[in-house]
Amino acid sequence: MCTVSADCTTHDHTTTRLAYNALHNGPRFRPILPSDQRRLNARSSTEKLGPPPFVPQQCGFRCGPVEIVSGGRLLLRWNGSEFEQTNPRSGTCQEGEETSCVGGIARISTAVNRLLKERPNAIFLNAGDHYQGTLWYTVYRWNVTATFMNMLPHDAMTLGNHEFDNDVEGVVPFLKMVKAPVVVTNIDATEEPTMQKIATTGKLKFLDEVETVNEEAGRLKSQGVDIIIVLSHCGLDVDRIMAAKCPLIDLVVGGHSHTFLYTGPPPFIDKPADKYPVEVVQEESNRTVLIVQAAAFTKYLGNLTVWFDGKGEVVDWDGNPILLDKSIEQDPEIVKALEPWKVVVDEQANVKIAKSRVYLDNECWKKECNFGNLITDAMVDSYVEKAENETVWTYAAVGVMNTGGIRIPIDSAGGYITYSDLLMAQPFENTWDILELNGSCILQILNMKEKLAWSGLKVIYTGSSKIVKEVKIRCRACEVPKFEDLKQDEWYRIVVPTFLVGAGDGFVLFKSCGRNHEVGHLDWEQLAKYMKKVSPILVGEDRRAIFLNENDPNEK
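Residue numbers for the sequence shown follow full-length UniProt numbering, beginning at 1 and rising by one.
For the record, the hints were derived by calculation from the structure and aren't laboratory data. Watch out, some of these pointers could steer you wrong.
[To be verified] Derived DMTMM-like pairs (lysine to aspartate or glutamate); straight-line CA-CA distance at most 20 Å:
1) 245 with 211
2) 352 with 411
3) 469 with 479
4) 355 with 377
5) 458 with 339
6) 482 with 363
7) 533 with 377
8) 179 with 169
9) 458 with 436
10) 245 with 279
11) 482 with 411
12) 458 with 525
13) 451 with 237
14) 511 with 490
15) 367 with 490
16) 275 with 211
17) 532 with 363
18) 271 with 347
19) 458 with 385
20) 466 with 325
21) 355 with 318
22) 533 with 385
23) 386 with 485
24) 532 with 411
25) 472 with 436
26) 458 with 429
27) 366 with 211
28) 367 with 541
29) 458 with 346
30) 458 with 489
31) 451 with 470
32) 117 with 97
33) 449 with 169
34) 336 with 347
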């Protein structure tokens, strides 16, 4: 699901824009609450602007047009739900390592407010995904999120997919409490006008992002708007599509895929996926549309200045994400405000779970990784005691995990893994459920572009094409576990997170092919139990996924 919201600017520097409560005393958008409108469209207020504004933004899930006036405009954006600073790999900032730690909401506050003083007509945008990611949300839910979002001077914000992790009923209290205008365009709430008495997002319809952006951008252009920015958490791939297929937009401020973009030598350990900003030239008009993202975990503050000509077309740009390292002081007001909340968080965060002698790598979308192996082994282990009889060694011999759910690595080799480490790596509170899938569906899933981690499968792919050549699956009804040929017409019982049961990340086959669904236990609780059981953790890579070199005759 991906959504859009809108706002606008006119050429005569009279800007119909999101009212900036912190700096301007104009009206603001109301949150997405009960209304009689078919679609939850953004509304705007009109005010005069002076010097070129800058736009700090926080990346999020929704997409939506937002505008600024012509001239040089500095855009800043950040992405993440981390309240505290993290280590360079986005894990827990350990005592004694503070000088190397980065990010955190206190540094965001310092950087944003410093720039607001330099450019007082700034616009601060936030594109969602405020929930999840740390123990803070696990303990406090939306309360802590709204409290600290209200301490940042947002012009407008939208919602991320993780705002729906506790269903719509988990979004409404946040929307009632947060002060920032909340804008969304492509949600159809016709069948659920109250948004308060449903248990899932099923009655909310998330409309096509390209179609909705074009519709809303057309409405804004008809009102005299010159420049339109799409505030997006659809992911870079979808952002590229919108940039190419939405002829009226000028800039996409993106998120969701947590892509690090940078032009030139990067300032830290992160490797850029593309230059900053990404440039898309539209075929028919030859117009340039820019796309920006700033990674994740509040490590960077996006920083882009854009110049427009008299017709509101992009003509030049400059900037790069700003690394929020020790050179950026933490806002003492934010640090002080965090302290009473932090007491309860730290009580649980610092509890030791298990010892690890290895680095737990989470880059499973690139290759097999040992953290994915550990988690999926734990998934299978969590059902061993449910085995029907003595001739069956486990209830489910295969575990499958979406790699995007393994949020960070755990770098505690030779030390202890704490609950803080665990919940930063596995923050989403899925349950590990049972599904039955036939071999044909399993094969189709393994051939999908999206990457999975697994236990109980050995898969051979053909080189760069990544087409499955061979699949072996671990037997369940056997005295000695071994790998056998996957049979397309045979049904297999597997363990999967609820995210995949619900067709997350586009894995619709888990939902359409699956049968005999059984709800399991909370993922992080089961993973903690398994970590204690196997401590010290020694897991490695054991060729669960093999990629053959197509040009090597010995690997045919």
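Against the structure, the hints come out as follows:
1. For a cut-off of 20 Å, the pair hint linking residue 245 to residue 211 stands: about 9 Å separates their Cα positions.
2. At most 20 Å may separate the alpha-carbon atoms for a hinted pair to count; residue 352 and residue 411 meet this at roughly 14 Å.
3. For the given pair, residue 469 sits about 28 Å from residue 479 by alpha-carbon distance, which is inconsistent with the 20 Å threshold.
4. Of the supplied pair hints, the one linking residue 355 and residue 377 holds, its CA atoms being roughly 17 Å apart against a limit of 20 Å.
5. Distance restraint check for residue 458 and residue 339: the Cα-Cα separation of roughly 48 Å exceeds the 20 Å cut-off, and the hinted pair is therefore not satisfied.
6. A threshold of 20 Å between alpha carbons decides the hint, and for residue 482 with residue 363 the separation of about 27 Å lies outside it, so the pair is violated.
7. For the hint pairing residue 533 with residue 377, the CA-to-CA distance comes to about 12 Å; that is within 20 Å, so the pair holds.
8. Restraint check for residue 179 and residue 169: satisfied, since their Cα atoms lie roughly 18 Å apart, inside the 20 Å limit.
9. Proposed proximity of residue 458 and residue 436 is supported: the alpha carbons are some 18 Å apart, at most 20 Å.
10. About 14 Å separates the Cα atoms of residue 245 and residue 279, which keeps this hinted pair within 20 Å; it holds.
11. This hinted pair does not check out: residue 482 and residue 411 have alpha carbons roughly 32 Å apart, beyond 20 Å.
12. Distance hint between residue 458 and residue 525 is unfulfilled; the C-alpha atoms sit about 27 Å from each other, more than 20 Å.
13. Restraint check: the Cα-Cα separation between residue 451 and residue 237 comes to about 15 Å, which is no more than 20 Å; the hinted pair holds.
14. For the hint linking residue 511 to residue 490, the alpha-carbon distance of about 18 Å falls within 20 Å, and the restraint holds.
15. For the given pair, residue 367 sits about 28 Å from residue 490 by alpha-carbon distance, which is inconsistent with the 20 Å threshold.
16. At roughly 27 Å between alpha-carbon atoms, residue 275 and residue 211 are farther apart than 20 Å, so this suggested pair is violated.
17. A hinted pair counts as satisfied when its Cα atoms are at most 20 Å apart, and residue 532 with residue 363 does not qualify at roughly 23 Å.
18. Our distance criterion of 20 Å between C-alpha atoms is broken by residue 271 and residue 347, whose separation comes to about 35 Å.
19. Straight-line distance between C-alpha atoms of residue 458 and residue 385 comes to about 24 Å, which puts the hinted pair past the 20 Å bound.
20. Taking the CA atoms of residue 466 and residue 325, the gap is about 38 Å. The hint is violated against a cut of 20 Å.
21. As the CA atoms of residue 355 and residue 318 are separated by approximately 46 Å, the hinted pair breaks the 20 Å bound.
22. For the hint pairing residue 533 with residue 385, the CA-to-CA distance comes to about 14 Å; that is within 20 Å, so the pair holds.
23. For a cut-off of 20 Å, the pair hint linking residue 386 to residue 485 is broken: about 25 Å separates their Cα positions.
24. Of the pairs offered as hints, the one joining residue 532 and residue 411 holds, with about 17 Å between alpha carbons and a cut-off of 20 Å not exceeded.
25. For the proposed pair residue 472 and residue 436, the alpha carbon gap of about 17 Å is at most 20 Å, so the pair holds.
26. For the suggested pair residue 458 and residue 429, the alpha carbons sit about 28 Å apart, so the restraint of at most 20 Å is broken.
27. Distance restraint check for residue 366 and residue 211: the Cα-Cα separation of roughly 32 Å exceeds the 20 Å cut-off, and the hinted pair is therefore not satisfied.
28. At roughly 10 Å between alpha-carbon atoms, residue 367 and residue 541 fall within 20 Å of each other, so this suggested pair holds.
29. For the suggested pair residue 458 and residue 346, the alpha carbons sit about 40 Å apart, so the restraint of at most 20 Å is broken.
30. This hinted pair checks out: residue 458 and residue 489 have alpha carbons roughly 18 Å apart, not beyond 20 Å.
31. Note on residue 451 and residue 470: the hinted pairing holds, with a Cα-Cα distance of about 17 Å set against a maximum of 20 Å.
32. A threshold of 20 Å between alpha carbons decides the hint, and for residue 117 with residue 97 the separation of about 31 Å lies outside it, so the pair is violated.
33. Distance hint between residue 449 and residue 169 is unfulfilled; the C-alpha atoms sit about 33 Å from each other, more than 20 Å.
34. Between residue 336 and residue 347 the CA atoms are separated by roughly 18 Å; this keeps the pair inside 20 Å, and the hint holds.
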